[in-house]
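Q: Residue-level listing of the chains:
Protein chains: 4
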Amino acid sequence: MGDLEAVLGRLDDIRADLTELYKDLHANPELSFAEHRTAAEVARRLEALGLEVTTEVGRTGVVGVLRNGDGPTVLLRADFDALPVLEQTGLDYASTCRGTDPDGNDVPVMHACGHDMHVTCQLGALDLLVAARDRWAGTIVAVFQPAEEIGAGAQAMIDDGFLDRFPKPDVCLGQHVFPFEAGAVGMISGPSMSAADGLKVTMFGRGAHGSQPQNAIDPVVMASATVMRLQTVVSREVAPSDTAVVTVGSIKAGTKDNIIPDQAELRVNIRSFDERVREHVIAAVQRIVRAEAIAAGAEREPEFERLTDFPVLVNDPDVTGRTTAALRKELGDDRVQELPPVVGSEDVGLFGTAAGVPTCYWFFGGTDREKWLAAKDAGTLNRDIPSNHSPFFAPVVEPTLTTGVTAMTMAALEWLAKS
Amino acid sequence: MGDLEAVLGRLDDIRADLTELYKDLHANPELSFAEHRTAAEVARRLEALGLEVTTEVGRTGVVGVLRNGDGPTVLLRADFDALPVLEQTGLDYASTCRGTDPDGNDVPVMHACGHDMHVTCQLGALDLLVAARDRWAGTIVAVFQPAEEIGAGAQAMIDDGFLDRFPKPDVCLGQHVFPFEAGAVGMISGPSMSAADGLKVTMFGRGAHGSQPQNAIDPVVMASATVMRLQTVVSREVAPSDTAVVTVGSIKAGTKDNIIPDQAELRVNIRSFDERVREHVIAAVQRIVRAEAIAAGAEREPEFERLTDFPVLVNDPDVTGRTTAALRKELGDDRVQELPPVVGSEDVGLFGTAAGVPTCYWFFGGTDREKWLAAKDAGTLNRDIPSNHSPFFAPVVEPTLTTGVTAMTMAALEWLAKS
Amino acid sequence: MGDLEAVLGRLDDIRADLTELYKDLHANPELSFAEHRTAAEVARRLEALGLEVTTEVGRTGVVGVLRNGDGPTVLLRADFDALPVLEQTGLDYASTCRGTDPDGNDVPVMHACGHDMHVTCQLGALDLLVAARDRWAGTIVAVFQPAEEIGAGAQAMIDDGFLDRFPKPDVCLGQHVFPFEAGAVGMISGPSMSAADGLKVTMFGRGAHGSQPQNAIDPVVMASATVMRLQTVVSREVAPSDTAVVTVGSIKAGTKDNIIPDQAELRVNIRSFDERVREHVIAAVQRIVRAEAIAAGAEREPEFERLTDFPVLVNDPDVTGRTTAALRKELGDDRVQELPPVVGSEDVGLFGTAAGVPTCYWFFGGTDREKWLAAKDAGTLNRDIPSNHSPFFAPVVEPTLTTGVTAMTMAALEWLAKS
Amino acid sequence: MGDLEAVLGRLDDIRADLTELYKDLHANPELSFAEHRTAAEVARRLEALGLEVTTEVGRTGVVGVLRNGDGPTVLLRADFDALPVLEQTGLDYASTCRGTDPDGNDVPVMHACGHDMHVTCQLGALDLLVAARDRWAGTIVAVFQPAEEIGAGAQAMIDDGFLDRFPKPDVCLGQHVFPFEAGAVGMISGPSMSAADGLKVTMFGRGAHGSQPQNAIDPVVMASATVMRLQTVVSREVAPSDTAVVTVGSIKAGTKDNIIPDQAELRVNIRSFDERVREHVIAAVQRIVRAEAIAAGAEREPEFERLTDFPVLVNDPDVTGRTTAALRKELGDDRVQELPPVVGSEDVGLFGTAAGVPTCYWFFGGTDREKWLAAKDAGTLNRDIPSNHSPFFAPVVEPTLTTGVTAMTMAALEWLAKS
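Protein chains in written order, with the UniProt record's numbering: chain A, 1 to 419; chain B, 1 to 419; chain C, 1 to 419; chain D, 1 to 419.
Heads up, some of the hints might be wrong.
Facing chain B, according to a computed beta carbon distance under 7 Å, are these residues of chain D, among others [as the list claims (entries may be wrong)]:
id: 1; residue: Q214
id: 2; residue: D218
id: 3; residue: V221
id: 4; residue: A225
id: 5; residue: T232
id: 6; residue: R236
id: 7; residue: I294
id: 8; residue: A295
id: 9; residue: A298
With the Cβ distance kept under 8 Å, some of the chain A side facing chain B (calculated, not the full set) [unchecked claim]:
id: 10; residue: T89
id: 11; residue: L163
id: 12; residue: T255
id: 13; residue: P261
id: 14; residue: D262
As a list, the in silico EDC-like pairs of lysine to aspartate or glutamate whose alpha-carbon atoms are at most 20 Å apart [unchecked claim]:
id: 15; chain 1: A; residue 1: K376; chain 2: D; residue 2: E279
id: 16; chain 1: C; residue 1: K376; chain 2: B; residue 2: D242
id: 17; chain 1: D; residue 1: K252; chain 2: C; residue 2: D106
id: 18; chain 1: C; residue 1: K376; chain 2: B; residue 2: D274
id: 19; chain 1: B; residue 1: K376; chain 2: C; residue 2: E275
id: 20; chain 1: A; residue 1: K252; chain 2: B; residue 2: D24
id: 21; chain 1: D; residue 1: K376; chain 2: A; residue 2: D274
id: 22; chain 1: A; residue 1: K252; chain 2: B; residue 2: D106
id: 23; chain 1: A; residue 1: K376; chain 2: D; residue 2: D274
id: 24; chain 1: D; residue 1: K252; chain 2: C; residue 2: E275
id: 25; chain 1: B; residue 1: K252; chain 2: A; residue 2: D274
Note that these hints are calculated values from the structure, not bench results. Yeah, the Cβ is synthetic: ideal placement off N, Cα and C, and Gly gets one too.
For reference, chain A alone in the conformation it holds in the complex (with noise of 0.2 Å):
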C-alpha cells in the first residue's frame, strides 16, 4: 500500500503535462481510421517512455510494448477516434475541426465521447508504471485502438496480426469515462454492455416534381411510416423484461422541398444483451421495413448494408473481483461501484475472446460531483448531465483524469505488482 501511495505520487508531477494532452486532443479530434495526429503523438510519447513502438496495426493503431522482465502479460486498452458530432459545449478547448465521413461529406468532429480522456489516462498509467517499473515485474502491451466508434478498429488490429506481432496477453483491461460522479469507478460482472448492430437501410421509391405525387412513390413518406412502425419492435414485440434498444440514428431523403426523392436511407442501431432478443429484433426490423416498402408500392426491395456488429462485452468474474477489490483498497469502498449493464457497445471485448483470455473493462465518472448530485435528487439526471455522444458532453478535467489514471494504473499492478 505505501509503495503504491508512492508509485501514485508521481501523478503530480505529470498532471499539468496530462491536461495539457487532454485539451491539445480534444480540440483535435479525429474520425475513425483517421487518427493520424493523434496516433503519432501517442507513438511519440510511448516512444520517450521507452516502449517499443509499432504504429499502423489496423490502419492507425499503436501498440507499445513494455518489457519488465518475467511475470504476466497485461492488455492495456485505450480507444482514440472521435465522432462526427458539432461541439456546443463551450469549453475554450472546445473543437472546431471536422472531417470527411464514410460517405465523403464534409463534417463536424468531436471527441463526444471522451476517448481523449482514455489516451490521456492510460498515458499517464504508463509514466507511472514505467517510473515505478522495479516495483513490478511482467510485460505491458498497451493498445491505442483506432476506430472504436464503427466497431472496426479492434477487429482491424486482430485482423493486422495482432496476436502474432505482440505478446500475448494473460487479461485485457481498459476504462471508459461516463456521465456519473466524478472520482467514482463502476463495474459489473457477466454481461456488461450490449451487443450492437448497425444496419444502413436503403428505401427505394420513384422521384417525380413535388407537386406531381401521383408519379412518386415518396420516399420521405415511406422512410417516416418505416420509423414510427419501427418503435413497435420495442413497445410491442420484446418482453418486457428483456432489454432492447432500436434506434434510428440517421434519416436523410432529397434535397429541395419541390422535388419528390427517388430513396431514402436510413441508419439503424440495435442493442440487446441476449443472443435470441437479438435474432428477432434483427428479424422484425427488416419484416417491418420490407413490409412498408410494400404498403408504399415500392418496385424495388429495400437494401440492408451492415455497418457494424458489436458483440455483447462480458466481463470475467474473477478478473472483475479481483480489479474491484484492488481499486477499493485505493479508491475506497464508496468510490467503486456495482453498475447496472450499460445499454452501450464496446469491441474491447475482442481482444480477449480472440485472444481465449479473461477481460475486465470498467467505467470512471466524468461528470462534476455537486452537479450529478444536484440533478440525482432532483430526479434529472436525463435532462441535466449530457450523455455520451451528446454535443455537449465533456468530462471534468479533474478528478476526472487523476481517477482515470490511478484506476488504470492500480488495476495493471493488481497483476504485475511483485508480491
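Dock chains B, C and D against the given chain A, drawing on the hints supplied.
A: Okay, now just chains B, C and D, sitting in the frame of chain A:
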C-alpha cells in the same frame, strides 16, 4: 400565312446548330444563380444576332432587346437554371456535372426540368424573328431568367430595375416543356399554374447516445411522426373539390446509426390554386409541426423558414385566346389543346404582375408520341413517362425543338406581325 | 304560370299538416330496412290521396301509382331511412329512438340526412298534383325507397320486380335536402354525385394479456398504423386534379384496457368520380391493409367485405336543363343555382339505369338564410353549418318544406302538364 | 413430513368432486361484481365445511373463518371473477355465457385468467385443513374476492370493513395459475408483480358525412395517430434497463363507414415496477394524447378517466423464503422455482398493506408439461402456449389442481402446524 411559313423556313438552316446547342446546355447544367456558363453562351448568341444585351440582371439574368420600329413590345421569357438531381437518363449528352447547393453541399446537377430546351427554343425563335424583321414591327424584350427553380429569379430581375432599364412590355409570353406528346402544345385560360410555398422546418430534440433514448428527445421520430401527420392535411382538411398538395421533399436528421441527433429538418412544398385553401394549408402544416414537437416533449419550438413563395400563375383570357388561335393556325387544331390547370409553379407571372400587363404561358410536349400513346392506352402514363424533375426526364429533341421554336415565333408574331 | 300558381296555392292549406308530419317523422326515425312505421304512414297517406299502393317492395319500400290519362310516366323518388347517430340538435321534436344495427348492436337513430324532409315534400307534392289532376295527364310512379344509407334499397326494389310490377318511367326525378341557403335549389348536369365504395376490413392479430405484448400481435397498433398509412392514398397517390376521398368511418378493437384483442375492424368509405381513380384507390387501400398486416407479423391475411357499392350519379343534360328552366320560372333565377359535383353518393340513379331512362336529381337548401350568409361571409361554413350525417343536422322547416314541395311539383309538371 | 403426507392423502378422496366443481365454475363464469352464482356456491361449500361464512363483503365477496384454537391467523385469498372474452378453447366445459359490461354492452364471458382454478384449489385446501384440524392451531380467514380483474375487489372488501369484521391476519397468502409447466410452482421475493394503471381516454373531434372530411375533425385519424405515438413512450422514453408497458387494449370510434364520428375512445393500460417510471409514463401518455388533439385541430381537450390503479405487489422476503422452503419440502426443489418479476398486476397486496402484515403470492403452472417442454425447446412458448386472458387459455386440470391444493395447504400449514 404564306409569309409566316417563309419565316419558319429558316428553321431548317439552324436546326442542327440548335440541336448542338441544346445538347451542350443539357450536358452543362448549372444551379440557380450559378448559371455563369449558360448566361455567357446566351449573351454571346444574342450579340451575334444583333440584340442589345445586358448581363447580370438579377445576379445572373440576361436581357436582349431587339428594337424594330414602332409597334407593341413583347416580352419573351425563358428560364435557364438546373436542378440538384443526379441524371439517370443514360443519354450520351447526359450531365455529369456537380454544383454547390445553398447549404454548401456538393450535389449533382441536371437539367431535369427542361430549361435547356426553353433557352434553345427562345434563341431559335429570336434567330427567325431577326431574319424576318421586315415582316414585323415593334420591340422584343428577350428575358433569360435565372433561378426559376427556387422562385427567386424573376423577383431578382425585377428588384434589379428590370422595369426601368428595359422597354415596358405590352404582353408577356413564355413556354414550358412538359411530359406529353411531343409536337403538341397546350394551355388554359385563368388560373394555370398553382401557388407554391416552400418551407424549411427545423425541429429540435435533444441528442444522446443511440443506446440511451431515455436521455434524448428523438428528432428522427419527431420528424417522422410529423411527416405522417402532414398527410392528413390533404386527406382530411382540404375539400375533395379543392386542390392542394403537401410534399415533404426532403427529410434530414443525424449522420450515424448510434447517435440520436439533436434536430431534424423537413423541406415542405405546398401547392394550391385558391388563397383561402393556401392559407388553411399553411396554417395546418404549422399547427401539426408545433403539436408534434409538443407530443415529443421538445424543449424548443420548431422554426420555419420561407424557401419559396410562388403566386398562382393566371393566364389572361384574351391573350390566351389569341395565342391559342395563332398557334392553331400554324400547328393545326388537334395539336393545340386545352389543358387542365397544372399543379406546378412558375415565377414567370411576376413580370406581367409587376408591369401590370397580361401574360400567356403555354406548355409544349416533350415525350415521344409513340411512347406517349402506348402509355396512355395502357393507363401507365404515371409509371412509364418521366415527369419534370425526375432523374429520367429529358425531352426527345425532335419534334420538341421544332415545336418550341415554332410556337414561340408564332406567338410573338401574333402581336408583332405587320398586318 | 297562372295555372301553376293555382296548383301551388293549395300548399297553404296543407302546410300545417305537412309540418306536423315532418316533425313526427323526425321524432321517429328508423334504420335501413327497418322503416316499418314510416312505410305504414306513407302507405296510409298515399291511399288517402287515392293512389294505388303497394308495400313491401324491396323489403320495406312503398310504391304509389297515380294514373291520370295518356301522357308520360314520371318516377318521383324519396328515400326514407335514418342513421345510427345520436341526435344532438336540441330540437323539441328531436329523436330519442334506438335501433339495432346490422351487427346486432343497440344504437341511437336519427334522421341526420333529411330523408324525413324528402318524404314530407314528396307527399306534399303528390297532394298538390292529385288536387290539380285536371291540369295534367300521364302517370306518376311515386317511389318511397328504403335503405338508401346503406346503398341497398334501390337495388332491393329493382330486384323485387319494380320494373315489371309498375309502369315503366320515361324520366326519374328526385331531390335531396342539403346544408345551403333554405329557399334555394341547385343542380349540375353530368357527374353529379360520386361513386361510393364501402369496405369492412378485418385485421387479425393474436390476443394476449395487456402486460405481455411480446405474446401478442397487437391489432390495435396494426389498425392504427393502417389508418395513418391510408391517408397517403389521397395525399400521395391521387392526382391533385382528380377527386377522391378515403374515410375510415369506424375503427373497433378490444373491450378492456388490459387485454390485447385478437382482431380489429375498420370501415372504409371511398369516393370518386372517375372509374380509373376508383379502381386505383380501392387497390391501394387493399395493398396498404395487406402490407400493414405483414409489417405487424400477422399470421392471417386481412379480410375485406363489401358494404356498399354506389355508382356515380349522372344527371342527364337535357332533363337537367329542362328541370333547371322549369324551376327558375317558379322560383326565380337567383334561387336555382348550378352546383359543383357533390362528393356524396346516392343510389337513386339505379332506377334510371335499370329502366334505361334519364335521371335528374337536385338539391334544396335546408339552412336558415341569415345563418348561412353570416357563415359564408365569415368563411366559417365548415365550422358553423352542420352537414348531412352530423348529430346537429336538421333543416329549418321553412322555407325548406315549401321549397321542396314546390320544386318536386313543378319538376313533375314540366313533364306532365297539359300544354 | 409423514403427518403432512397424511393431510394431503385426503385429496384422493375429493379430487373427483373438485374436478367437477372446477369444470362447473369454468362453464359458468361471471364478470366482476356479478359473481352471484359463484359466491353462492362458495358460501354453500364453506358452510358445509363448518366455517363461519359472511357473504356480500365488498358487494359480492365471501369470507369464511375457521377458528381452531390459539395460534397465528393466516389469510388465504382466492379471486373469483371472469373476463369479457369469447372462449375459443374448444373444451367440452367451455363457457358460452354472456354478461353486461360496465358500459351496458352484452359481452361474452370466460374464465380466461384461471380464477375458477383459484377457487377450486382454495376450497380443496380448506377441506384438507378442516379434515386435519387436529394437526394445527390458529385461525384461517379464507377470502374469496370479487372483481380482481378491474382492480376493485380487494379495495371494496377493505372499504366494507374487512379488517374490523374479521380476525386480523398475521400473514397473507395467495396463488395464481400461470402458463408454465403444470406441477411446478414459482415465486420471487420483492417486487413481484407490476403496478397497473388503466386510463380511459376520450378524444373529441367533429363529425361529418364521410364524403366531407373538410367539415370534420376526424377522431379516427386522431386516435390512430395517438396510438402510433404512444409506442414511443416505451421505445424512446423509458430507459432500456427499466421496465414499462403501454398497451392500448381498446380503440373505438364510429359505427358506419360513411359517417365521420365525433369522438374516439382509447383504453390504455400502463405497467411499471418503479414509481418514478410510472409517473413519467403516465405523464408522457397524457402529453401525447393532448398534443395529438392539438395536431388534429381539436376544439375540445381530451378527457381522462381512471379505470384501474393496481400498486406494485411486493412479496415479503422472509415470508417468501419460508414459503419457498415449505413447498420445496413437499414438491421437491426442482418443482419450486425462482421466477422473474411478472409484468401483470394484482390487488391481493392490498390486504397485507391495509393490515400492515407481510404477503406471499406465488404462481403455479397450468400448462401440460410435454407441450411446455416442446415449445420451450422450439423457442415457441410465445406462439404455442396461450397466456392468461387469451381466448385459448385454460389450465390442464391435472396436475394443476393437485399442485394448487397442495401448495395452498402446505403454505398455510407452514404457519399453522403444531410443531
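Q: If a hint holds in the structure, say so; if it doesn't, say that too.
A: These are the hints, each one checked on the structure:
| no. | hint | result |
| --- | --- | --- |
| 1 | Q214 | holds, 4 Å |
| 2 | D218 | holds, 5 Å |
| 3 | V221 | holds, 6 Å |
| 4 | A225 | holds, 6 Å |
| 5 | T232 | holds, 6 Å |
| 6 | R236 | holds, 4 Å |
| 7 | I294 | holds, 4 Å |
| 8 | A295 | holds, 3 Å |
| 9 | A298 | violated, 10 Å |
| 10 | T89 | violated, 13 Å |
| 11 | L163 | violated, 28 Å |
| 12 | T255 | holds, 5 Å |
| 13 | P261 | holds, 7 Å |
| 14 | D262 | holds, 7 Å |
| 15 | A:K376 - D:E279 | holds, 16 Å |
| 16 | C:K376 - B:D242 | holds, 17 Å |
| 17 | D:K252 - C:D106 | holds, 15 Å |
| 18 | C:K376 - B:D274 | holds, 16 Å |
| 19 | B:K376 - C:E275 | holds, 15 Å |
| 20 | A:K252 - B:D24 | violated, 32 Å |
| 21 | D:K376 - A:D274 | holds, 16 Å |
| 22 | A:K252 - B:D106 | holds, 15 Å |
| 23 | A:K376 - D:D274 | holds, 16 Å |
| 24 | D:K252 - C:E275 | violated, 32 Å |
| 25 | B:K252 - A:D274 | violated, 32 Å |
Consistency note: the structure conflicts with the earlier hints numbered 9, 10, 11, 20, 24, 25.
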